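Quick one: dock chain against chain with the hints and give me the complex.
Respectively, the protein sequence lines represent chains A and B. Just so you know, the numbering used here puts 97 at position 97 of the first sequence, and the rest follows in order with no gaps. Just so you know, the numbering used here puts 1190 at position 190 of the second sequence, and the rest follows in order with no gaps.
Treat the hints with caution; some may be incorrect.
Claimed, not checked - To be clear about the criterion: a stretch of chain A counts as covered by chain B if any three or more of its residues have a C-beta under 8 Å from a C-beta of chain B, and this derived list gives those stretches:
hint, segment
1, 10-19
2, 22-33
3, 47-60
4, 66-74
5, 77-86
6, 103-113
Claimed, not checked - Derived DSSO-like pairs: lysine-lysine, alpha-carbon spacing no greater than 30 Å straight-line:
hint, chain 1, residue 1, chain 2, residue 2
7, A, Lys24, B, Lys1060
8, A, Lys24, A, Lys91
9, B, Lys1107, B, Lys1010
10, A, Lys23, B, Lys1010
11, A, Lys23, B, Lys1106
What the hints assert, rightly or not - Label-pair ranges, simulated between beta-carbon atoms:
hint, chain 1, residue 1, chain 2, residue 2, range
12, B, Gly1206, A, Met102, 39 to 49 Å
13, A, Met49, B, Ser1191, 31 to 41 Å
14, B, Trp1129, A, Met49, 34 to 44 Å
Don't read these hints as lab results, they were simulated from the structure. Keep in mind the model is a prediction, meaning the values are calculated, not measured. Positions of the beta carbon are idealized from the N, C-alpha and C atoms, including for glycine.
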Amino acid sequence: MSEFHDEYPSYEHLAHHSEEDGKKIRRTLWNVFWVMLAITIFELVIGSMAPGHGWSGTLWIKVLFIGLTILKAGFIVMAFMHLGHEVKFMKYVVLMPYIIFMAYAIFIILDEGVYSGHSINRTRVDPLLIQQQEQLRSGHGHHDAAAAHGEEHHEEAHH
Amino acid sequence: MSHSTEIDSKHAWDGGQSPLGVSYGKMMMWFFLISDALTFGGLLMSYGFIRHKYSDVWPKAENVFTHFPGVEQHLPLAYVGLMTFILIMSSVTMVLAVEAGHRNDKKKVILWMFWTIVGGAMFVGSQAWEWYHFIVGTDTGALRHVWSQELHTYVEETVYGANMTVNEYGVPQFANYFFFITGFHGFHVFSGVVINFIIFLNVLKGTYEKRGHYEMVEKVGLYWHFVDLVWVFVFTFFYLL
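Just chain B, with the same shape it has in the complex (with noise of 0.2 Å):
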């Protein structure tokens, strides 16, 4: 049996071993990490389509997340840099559980599995506050016009915040994908966080020790570092741009 990581690529497709060097399930979650990217890119550049489509009307983000938790003043963009910084770090505390994972080291493991799922779990309530200011808007509203089904025609009306079909701070559509894609963000991270927890009871329950390697945390890590990677982009192009 070899034991060298290294592949001949002369003669790596010869048979005796994977011309990937990695294992069955590392793959199938590459695989669908890249499938899953593909959607994530479609999303994201059919966002950038309709954007560029009503560039003039399109509301600028700084105006829009201006809260921030406790205070009272205007703060653009410094609870997504908190949000951001939240995710960035959990990546961090997932690959140090992973490291760990490839020494052995139980105790590590746990303690750097917790922390990511501190960090996931405090990011979805971030999302949360920040979808619940956004739904519920200004003080004041905007005038907008709305469509009126008995009269069949719009009527100018002052609105609070924004849903499907009304926005407070400009296009519907701009609402419309904003809870499209954070939602289907948020429900990744939402799921990441249960199937971190379910690995995070196996390693308590000696199951990987027992096993002798710890490749489902690797697994479980791929899976919540491309969530933070999904957020990268989301990131830039709700935020920023």
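Just chain A, with the same shape it has in the complex (with noise of 0.2 Å):
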């Protein structure tokens, strides 16, 4: 029975399913659980075990973390948010719009970013770090880095 006085179909309603389809459900749902359990266990020990092996910061290691971040979105969207039993046009009208503005602004800001490099943009980043990564980089002692950087913010800070 639609609350509605008009003669659309009561989508509300359609939604309703019997005990055995719900037991079903049910499992495919618990199944969900533990991949998405077991890809967060994965993710963990590898995540803990990196820094001893030196995996840290790696492409592989990204684009491996990446890629299940995805996978398990992916379980969360089509099982639990039951994207993946909707009409056809439900899912594109979801999906679509969200995955065409991301990869546009992941490829703007990819490509438009790099002069975020540049050392003048750097100042406002803690000059003792700055610093002792100078100095590593240099390979001797006393750099008057800091110094310059300390003076920038003088001059900045009188503006």
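Next up, the structure:
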């Protein structure tokens, strides 16, 4: 029975299912849960082993983690949020705008974000860290990088 | 009146049915979630940009989040692993409540929604604990250059913990993004718990039993799964990478 006075089907009631179907659905949901738990434990094990093996920050570990994250996101959206069982149009309406916008945004940040590596944009970082870093890079003791950065800030403050 | 969930794509736009095959409320919840997902997408991209820019001075999460309640030794990533488990678990109890709603099984809806609320509250509490330890910092602290308003220059100071201007563990930007993004997500979890609780009260009162369907549980469930979905990404970008 629909609460609306038109001929549209009542989608609220169409989602109902029987006891037997419910059993099947529950089994699927629990399977999804175990798979997601296994992925998370795997990620944590790899994540805590990474520093000891020098894997931190390597490209393959980043790709692995992002890939597993997208896999988990797919499980949540398709199984838990039930999008996998919605009508084809509904899937496209939800997924396409997001995928297109994010793909464009990621492309543009990678393509246009290159200027930020310039040293002039780095003055707001902790100068002690910059100093340590530049000492490491140049390989000799005292470098007046921190002092130079301090002066820059001094000037900025007066402007 | 048609009672078929199957929509013939050739006649989907001919009228008399929704081409999307869902009710208005559910569709609008999805549209809201898309916009919210874009917000989080923007935040995480901004985080990735700044992190990449300062990649050589960016603190490593496994050196920052090492505490576990009641344990003296350092257990990197263990606590956040537990938090992730709690949130995934509460997502499962939510979807079981939705499934029970499709069978008009009021008792099971009450049971699973109750555990969802418990899980959500535990997650918010865990996040508060995590924030507390990040703000307080270690006993020894670390030497950092801190901007002095009087001298108009940086002075060396021992810094304990992190706030919006200084960070014991590394660049302050790490703390800024951590507070903003996990805070924004935590606020979503908090509102999710509140909304879940309101719907829970309605289930107890029998509002949806009278209505003949539990679609409100399904809609609030969509929001709850979205919160879990965002956490999956926050977890990867803040703690793993």
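Now the hints, each set against the structure:
1. With a cut-off of 8 Å between beta carbons, the segment 10-19 of chain A has 10 residues touching chain B; three or more are needed, and the interface restraint holds.
2. Restraint check on the segment 22-33 of chain A versus chain B: 6 residues with Cβ-Cβ distances below 8 Å, three needed, restraint holds.
3. Counting residues of the segment 47-60 of chain A whose CB lies closer than 8 Å to any CB of chain B gives 6, which reaches the minimum of 3, so the coverage claim holds.
4. For the segment 66-74 of chain A, the stated coverage by chain B holds: 5 residues have a C-beta nearer than 8 Å to a C-beta of that chain, and at least 3 were required.
5. Counting residues of the segment 77-86 of chain A whose beta carbon lies closer than 8 Å to any beta carbon of chain B gives 6, which meets the minimum of three for the stated coverage.
6. Under a criterion of three residues with beta carbons nearer than 8 Å to beta carbons of chain B, the stated coverage of the segment 103-113 of chain A is upheld, 4 such residues being counted.
7. Between Lys24(A) and Lys1060(B) the CA atoms are separated by roughly 43 Å; this puts the pair beyond 30 Å, and the hint is violated.
8. Between Lys24(A) and Lys91(A) the CA atoms are separated by roughly 23 Å; this keeps the pair inside 30 Å, and the hint holds.
9. Among the hinted pairs, Lys1107(B) with Lys1010(B) is inconsistent with the structure: their alpha-carbon atoms are about 41 Å apart, more than 30 Å.
10. Of the supplied pair hints, the one linking Lys23(A) and Lys1010(B) is violated, its CA atoms being roughly 33 Å apart against a limit of 30 Å.
11. At roughly 16 Å between alpha-carbon atoms, Lys23(A) and Lys1106(B) fall within 30 Å of each other, so this suggested pair holds.
12. For the pair Gly1206(B) and Met102(A), the beta carbons lie near 42 Å from each other, so the given range of 39 to 49 Å is met.
13. Separation of Met49(A) from Ser1191(B) is about 36 Å and conforms to the stated range, judged on CB atoms against 31 to 41 Å.
14. Between Trp1129(B) and Met49(A), the C-beta spacing of about 25 Å breaks the proposed range 34 to 44 Å.
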